[in-house]
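Please construct the entire structure, taking both the sequences and the accompanying hints into account.
There are 2 protein chains.
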Amino acid sequence: MQKEDSCFDFVENGGVSSPAGFLSSGAFAGLKQSGKADMALLYSEKECSFAGTFTSNLFCAAPVRYCREVCASMKTVRAMVINSGVANACTGLEGYNNAKATAAEAAKVLKLDDPRKVLVASTGHIGDQLPMEKIVKGIRDGAEHLSPEGGADAARAIMTTDTRPKELAVSFTVGGKKVTVGGMCKGAGMISPKMVIAPHATMICCVTTDASIDNDLLSRLLEKSVEGSFNRITVDSDMSTNDTVVVFANGASGVRILPGTEEERSFAEALDMVTAHLARAIVYDGEGVTKFITVAVTGAKNDADAEKCARAIANSPLCKTAWFGGDPNWGRILAAAGYSGASFRPENFSLFFDGVPVIRGGLPAGTQESEMAEVMKQREFTVKVDLGAGESSATVWTGDFTYDYVKINADYRT
Amino acid sequence: MQKEDSCFDFVENGGVSSPAGFLSSGAFAGLKQSGKADMALLYSEKECSFAGTFTSNLFCAAPVRYCREVCASMKTVRAMVINSGVANACTGLEGYNNAKATAAEAAKVLKLDDPRKVLVASTGHIGDQLPMEKIVKGIRDGAEHLSPEGGADAARAIMTTDTRPKELAVSFTVGGKKVTVGGMCKGAGMISPKMVIAPHATMICCVTTDASIDNDLLSRLLEKSVEGSFNRITVDSDMSTNDTVVVFANGASGVRILPGTEEERSFAEALDMVTAHLARAIVYDGEGVTKFITVAVTGAKNDADAEKCARAIANSPLCKTAWFGGDPNWGRILAAAGYSGASFRPENFSLFFDGVPVIRGGLPAGTQESEMAEVMKQREFTVKVDLGAGESSATVWTGDFTYDYVKINADYRT
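Residue numbers (the numbering used here), protein chains in the order written: chain U, 1 to 414; chain V, 1 to 414.
Because the hints were derived from the structure by calculation, they are not lab data. Treat the hints with caution; some may be incorrect.
As the list claims (entries may be wrong) - Here are a few chain U residues that sit away from chain V, every Cβ distance over 12 Å (derived from the structure): (1) V11; (2) K36; (3) H145; (4) E149; (5) A152; (6) K178; (7) R220; (8) P259; (9) E262.
What the hints assert, rightly or not - Cut-off 27 Å, straight-line C-alpha distance, at most; resulting in silico cross-link-like pairs (BS3-like, lysine-lysine): (10) V:K308 / U:K308; (11) V:K301 / U:K194; (12) V:K224 / V:K301; (13) U:K194 / V:K308; (14) U:K377 / V:K407; (15) U:K407 / U:K32; (16) V:K32 / V:K407.
Idealized CB from N, CA, C, for every residue including glycine.
This is the structure in structure tokens:
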């Protein structure tokens, strides 16, 4: 068989129901004061293997608890219901029962043989109970409008402070058969996911594929993919109670993905393309964000140090406001590295803004500040740090900190 | 002897040179574009025992490195020079030599027998070398104007983004003799000090006393006092390269403070009053801050957990913007506690805004949101969290996150 792993096509207007056999819709339950669509349904015509990663926040939301149970007990699923407007977090037993009832209602409407074949996710204000009459109405509305072209509506329905829908689908060919991986996500604030697999961000992402792949392998590939995508982003360093990424695989392409094969590598690559695109899209659309900054740390003593240093810089309010101002105030970056807890010697520290040297050997590299400021004017740039202490590296994608972030979050419910 | 330990007097317009035998001044070196005073001198007529705590940032500034050496090698000191405008951080050997030369110049002008009898501290932009001609001019100007009434000028001269000087002096009486503890500090941004004693926040604080007390005891009392004051505050979670707290004791009161005595307890209490007042003043004057929030965590499994939880809430951009907006969005507080790393069971979690119950047993306590909003309207309130997991507690003082914080830090140098 020909090696095809660099041959990926982007599906035009692709999204969560681009893979064969998936239908989706956006629906109106009346959860949002704005009256906009607030529920998304995803449905697969065939049984799906599946995998999920969920927030590691101790206050995980009711739908997260419910989904973990499904992940632990079910072999296949068929559908997912996502609502925006109400997070169903910190809602106790009643909230858990409402999550379960949401799944059961969807299973009934979709004529599934087991209520646990429906996953649920919620995003919105923490602490309110789901208004179940509205939820039931939304499920029925969504079920009536399920369509292979429903992806865009679904992606819009899950938005909260997001300003635009986030979706993508890519395809590749195996032995003449086309495999598609699609996905959608939402998220703009309370974004600093740290998700862990199965036994355990409010970003929510739903990935679909028509490949056939068993739960264990799917789970392994998802974990790795999430680690390199959603777990790499931060908008405000606040980890949500509801972060959820699930992947559904219904096998409708007729292509089976087995471990250690060329197909696995192609599938993993396609999955990574989708998750990385969607994760980056969250930062681009982060609350008030005007700039996309890649913080790339190399030369760390170990992985934990690399991660600590990258996150300290990516989350520093002083760095983030300087980036907003286009101010090449590198002292703030050094200060953040210096308090990150990473172990290094200041005299071995280097810093670049894109290709422009800023610090070498712990001291200014002699570059004109105007040259650094040019880099900062861009919509997107990289802050490269080398700690000179080892071989480990880590990358985190972050945004700047702006007036609009304050406005959005000081006025969230008013 | 009568027990006098609850009898403290606030010195009117008291500050760093209120204790007997201290002189201070503000001076003009020309380091600030505004043309405002930018150097402070402190001088003691008598030899001083002393102690210092300094930033734990790996990129500690040159004056911090110099002061640590003085702490390790000298028994007594006589003076301190503080400049604002230039941090002398990330300035390499040249920066170190400039810090040393600053001390030497002051020693010469003040006719001291050893250049190391002068401590130095700097605050301002990171990365620039000290303009030594201006520094020399500033030292001479400062020396000419030394006065027991110079405290207010000194406190103004060390300001950067501070909007007001911060100073205090308290006194108590021992056997008919008055002992005074005075101090000044600066700091508004890059405030999340974690200072460690002698071998090792840009807040800078200078405390003086006319008590007689040896270096070891002074060091122990300072460490404890800083842990309960400056190490309890955060404005923006960014730990500075320059944080410095020093205390000078010249014995001019004729009162000797010995370990285990009533006098020690009185002195420690006076020291704590001064450091707590000054630390809180930094948060009140924090960049853009409009509200003062005390985050008090109790019921933690251990001290580390209590600290982690309090800091996560105190540094959460979502909590801080909600406080700015007067929004009792308690979900954000729960989310921060949940990702803090502290170990607890959500169902044992309680939350109060001042005395108003918000969450009990992990669930809403049934309080009307309007009642919570009333608490948030105040200039100052307490967020009380009980984790229900043990006996440890921690308190952190923080501010809200506002448009002005963004403005100040996006435009810092423009």
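Here is what the structure says about each hint:
| no. | hint | in the structure |
| --- | --- | --- |
| 1 | V11 | holds, 35 Å |
| 2 | K36 | holds, 21 Å |
| 3 | H145 | holds, 31 Å |
| 4 | E149 | holds, 35 Å |
| 5 | A152 | holds, 29 Å |
| 6 | K178 | holds, 40 Å |
| 7 | R220 | holds, 25 Å |
| 8 | P259 | holds, 33 Å |
| 9 | E262 | holds, 39 Å |
| 10 | V:K308 / U:K308 | holds, 15 Å |
| 11 | V:K301 / U:K194 | holds, 23 Å |
| 12 | V:K224 / V:K301 | holds, 22 Å |
| 13 | U:K194 / V:K308 | holds, 17 Å |
| 14 | U:K377 / V:K407 | holds, 17 Å |
| 15 | U:K407 / U:K32 | holds, 19 Å |
| 16 | V:K32 / V:K407 | holds, 19 Å |
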